[in-house]
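**Student:** Below, each chain spelled out in residue letters.
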Amino acid sequence: MKPLFSIAWLACAVLLSGCADPSRSRALGDPKVPGQALAEQVCSNCHGQRGVSSSENFPHLAAQPADYVDAQLRSLRGKHRRDPAGSVYMWGIARDLTDSQIAQLAAYYAAQPAAAAGPAAPAEPRAGRQLFTEGAAERGIPACASCHGDKGQGNGGFPRLAHQQRGYLLRQLAVLRTSPDSRPMGSIMNTVAHQLSDDDMRALADYIPTM
Amino acid sequence: MGAGFDGDVPMLEFLARMMVRRKSARGRRAALVVAVAAATQALPAAAIPVFNRQTGQNCQACHAGGQYPELTPYGRMFKLTGYTIGRRTDVPLAMMALASVSSVRNTSKSDDPSADFSKNDRVVLASASLFAGGRITDNLGAFLQYTYDPYASQDASGKYHGHAAADNMDIRYADRFVGTGHDLVFGVSANNNPSVADPWNTAAAWMQYVPVPSPSSSQFIDGATPYPGYGVGGNTSGLTAYAFLDEHLYLEAGAYRSTRGVLAFMKLGQPTSGLTRLQGNAPYLRAAWNVAWGASTLMIGGSTMRSRVYDDPSVADPATLHRFRDSSVDAQYQWLLDPHALTLQAVATRQQHRYPDSLAGQAPAFVDAQGNPLPPSSPSDVLRLLRAKASYTWRATYGAGISYFDLSGTTNTLNQSSGYDPLTGTITATSAAAPSTRVNGNLTGNPRTTGETLEAYWLPWQNLRVGAQYTFYQRYNGSARNYDGFGRNASDNDSLFVYAWFAY
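If you read the protein sequences in the order shown, they are chains A and B. Per the working numbering, residue 23 is the first one in the first sequence, and the count goes up by one each step. Per the working numbering, residue 275 is the first one in the second sequence, and the count goes up by one each step.
Honestly, the hints are just simulated from the structure, not real lab data. This structure is a prediction, so every number in the text was calculated from the model and none was measured. All C-beta atoms in this analysis are idealised placements derived from N, C-alpha and C, irrespective of residue type, glycine included. There's no promise every hint is true.
Said to hold, decoys possible - Distance windows between CB atoms, simulated:
(1) 546(B) with 122(A): 52 to 60 angstroms
(2) 436(B) with 122(A): 34 to 42 angstroms
(3) 172(A) with 527(B): 47 to 55 angstroms
(4) 44(A) with 515(B): 44 to 52 angstroms
(5) 454(B) with 162(A): 45 to 53 angstroms
(6) 133(A) with 563(B): 47 to 55 angstroms
(7) 527(B) with 164(A): 40 to 48 angstroms
(8) 454(B) with 164(A): 48 to 56 angstroms
(9) 520(B) with 232(A): 23 to 31 angstroms
Stated by the list, open to error - From chain B, some residues computed to sit far from chain A (all C-beta separations above 10 angstroms):
(10) 389
(11) 523
(12) 525
(13) 672
Take the sequences, apply the hints, and build the full model.
**Tutor:** Next up, the structure:
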């Protein structure tokens, strides 16, 4: 019994670790690991399996335009994107990704079914809907739909917004308003975000998850 | 590391008091052994920056609000997948050190304050740890801690001597299978402390986190208050298998036994006399249900363990076995939305401790205040602990917490370490037949200890945490007042603990 117990774990560790499969690898920095494996084994810990996050702290990636994900990962890899969420969580994850892995990840998420709509806000999100679809020309705020699509589905380098979670939206709008330099690829949003009041942001964050 | 029912030091001291009570040479030796074990095992593990270097991520990716060792959902998955996310580091080493000051509210009710409250109000280097670990292969990873305690023992002249020994260790194999609609993480862990493989911080091995300095001035700080634990201590060797299905259902099962053979490194530096020696296998079971929504995660779970521990680890005498049955239910709620990190934790535990026949039915040396004999010692005890904590951290920089503890249990003259001397009818520390114990004495034979701890902390950068804890006692060793028979009240033990905890 003694020797059996002593060597049991060694046998498990040595024999089973010899059966490593790149399709289930969590290695960052190994170009042989396919993008889907990284998505399932690593990215899913925050962004959820198939890109539907269970946490408001992290965005849904499912159905995001491939161009947007590709560009963001490159920006994070190069540490050009410097907002707290980017630096704390993503610099390390992205630092060793190859161009090919980034492209595979972008294609993987673009192909996933979008997250379902969130529960409706307690109040009718009329203000949010109006801002999203029509903007507020008198204050220099264009309609979100003009870049992000009429259904918030995203478009090329413009991210999908539909059904993103409220907490994530509020946090990113705050970053774009107060620290525009930290998201250089979002520079087009700087002017817009600067015009948004706190009430505007809350209205959009109430509406977008439910649209 | 977790080595006792009510936290690391208290259970060991509890056993030590129990054994001192026996007066036999073996009892005294066992008490010394237990004291050494307390000194060398009461050093919990923490985060290791080697993981940070491996993943390239900030500490707060894995630790809620950057507050190590409390894990975020991502940190739990990092651990459950075998510490294998990232790239293998060239030098898989890290270190941590803790400097602290402890201050007991009342040090006057003591014959020898310099012994009972050693290093009170003085800055000490409390402990230092070296870590090795991280990714080894795609499926194999490790967390290994080796800790130096500058105050591990004290000679007859009062001089302290340092000692280094194995601390928490966890080597695991893990794999993850993602299928249509299901996600299964499966792993096997070889570790040296029950629940060290657990990813939630209500686990016995993790709920108490700031290292406890060994000098006696720290005997009442928060880390020395009742915390969850098992009858089995650290430096045992266990093999557990676990599964986490769809990030909802967690199951872990395995067994622990005395450390020897190829796993001897898990007790490296520990004197043989200081080890926990088990008879056979001690089965361990853990189940938990986890759910996440919005910024929230909630876990509700439970665990159970049975063990048979030899009274003296150097003698495998079945007649001296202590039999423990531990069970617990625990819950943890986290609300994590940058820059906020809120955590609520609660644990309720029950331990049944059946003593060896040689300790049961014994006539106590003490008598009651009227000189009448006390009841004989009971063959078993039941201890119950409720521990709850709430903490909040903002911007991974400023934080505060409050915790509550309530240890209760059966009254047993076996656990009485103060009492009336049958010859003089007084409570005296100098009696040859029935000496009483100041400061740590127990006049009632009841373990009831209740109180709260308030804490504030500051993380100026991710490698450093500076904190202050103040612990209030309403009851200690069964009483609010005069718990040791020498007039010491529970509130006299109120303690301030200020620390600086550095990791790199």
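**Student:** Each hint needs a verdict: does it hold in this structure or not?
**Tutor:** Hint by hint, here is what the structure shows:
{"no.": "1", "hint": "546(B) with 122(A): 52 to 60 angstroms", "verdict": "holds (56 angstroms)"}
{"no.": "2", "hint": "436(B) with 122(A): 34 to 42 angstroms", "verdict": "violated (52 angstroms)"}
{"no.": "3", "hint": "172(A) with 527(B): 47 to 55 angstroms", "verdict": "holds (53 angstroms)"}
{"no.": "4", "hint": "44(A) with 515(B): 44 to 52 angstroms", "verdict": "violated (24 angstroms)"}
{"no.": "5", "hint": "454(B) with 162(A): 45 to 53 angstroms", "verdict": "holds (48 angstroms)"}
{"no.": "6", "hint": "133(A) with 563(B): 47 to 55 angstroms", "verdict": "violated (32 angstroms)"}
{"no.": "7", "hint": "527(B) with 164(A): 40 to 48 angstroms", "verdict": "violated (58 angstroms)"}
{"no.": "8", "hint": "454(B) with 164(A): 48 to 56 angstroms", "verdict": "violated (41 angstroms)"}
{"no.": "9", "hint": "520(B) with 232(A): 23 to 31 angstroms", "verdict": "holds (26 angstroms)"}
{"no.": "10", "hint": "389", "verdict": "holds (43 angstroms)"}
{"no.": "11", "hint": "523", "verdict": "holds (15 angstroms)"}
{"no.": "12", "hint": "525", "verdict": "holds (17 angstroms)"}
{"no.": "13", "hint": "672", "verdict": "holds (15 angstroms)"}
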